Amino acid sequence: DAKTTQPTSMDCAEGRAANLPCNHSTISGNEYVYWYRQIHSQGPQYIIHGLKNNETNEMASLIITEDRKSSTLILPHATLRDTAVYYCIVRAGGYQKVTFGIGTKLQVIP
Amino acid sequence: GAVVSQHPSRVICKSGTSVKIECRSLDFQATTMFWYRQFPKKSLMLMATSNEGSKATYEQGVEKDKFLINHASLTLSTLTVTSAHPEDSSFYICSIPMVSETQYFGPGTRLLVL
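Going down the list, the protein sequences come from chains S and W.
Position 5, counted from 1, in the first sequence is what my numbering calls 5; the numbers after and before it change by one each time, with no gaps.
Position 69, counted from 1, in the second sequence is what my numbering calls 179; the numbers after and before it change by one each time, with no gaps.
It is possible that some hints are incorrect.
[Unchecked claim] Residues on chain S that point at chain W, a partial pick, calculated with CB under 10 angstroms:
| no. | residue |
| --- | --- |
| 1 | 34 |
| 2 | 36 |
| 3 | 38 |
| 4 | 41 |
| 5 | 45 |
| 6 | 46 |
| 7 | 49 |
| 8 | 53 |
| 9 | 63 |
| 10 | 97 |
[What the hints assert, rightly or not] Facing chain S, from chain W, some residues (calculated, C-beta under 10 angstroms):
| no. | residue |
| --- | --- |
| 11 | 135 |
| 12 | 214 |
| 13 | 215 |
| 14 | 216 |
Since the hints were derived computationally from the structure, they do not count as laboratory data.
The model shown is predicted, which means the values in this text are computed figures rather than measured ones.
For glycine and all other residues, C-beta sits at the position ideal for the given N, C-alpha and C.
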């Protein structure tokens, strides 16, 4: 799996958009960008994933640069319940294990 | 709704005893399940891959005789921590990979060994 680089921590005001960056300069052509989050003392939760096109679902948007070397997860209106550690993971698809890095600890501030 | 369940959610045991943790797939048949461990303020570390009907595959450094995995059916995998010691205290999480390229994780089991 390609290595990813994320900021260790970020703060975001409640109600504002949270933009979480991820660098994955060694990504291969068949590797997807996945985002998971882990709220304290819970199992990780899948958020979104994409290959090269931007993606949006009910939780978030994923913006992938044209060269696919970086991406941004956007939570459009952050709430206190979005406080969590967010993991950006790059891997090929299929029934494969997920390798977690350190992630970004997002703190949403009232 | 939940796709993966774990039981128990938390357990406290005495040093030297064995503890069994169950991971259940609620809506899907899972030929493969993954077991992770997470120490406080650390990231998740993959321990092993559980395969239905065959032996589990363990990651480097994980003792297979200490962490027994049984994937007896398409909906159940169990992790048994044998002769638990305080250093085994951790948060244990299972996951199930999906055809849709995602993985669903269980809620986790917090083990405290006294």
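Query raised in the report: Which hint numbers does the structure go against, in order from smallest to largest?
Result: Hints 8, 9 and 11 are the ones this structure does not satisfy, whereas the remaining hints hold.
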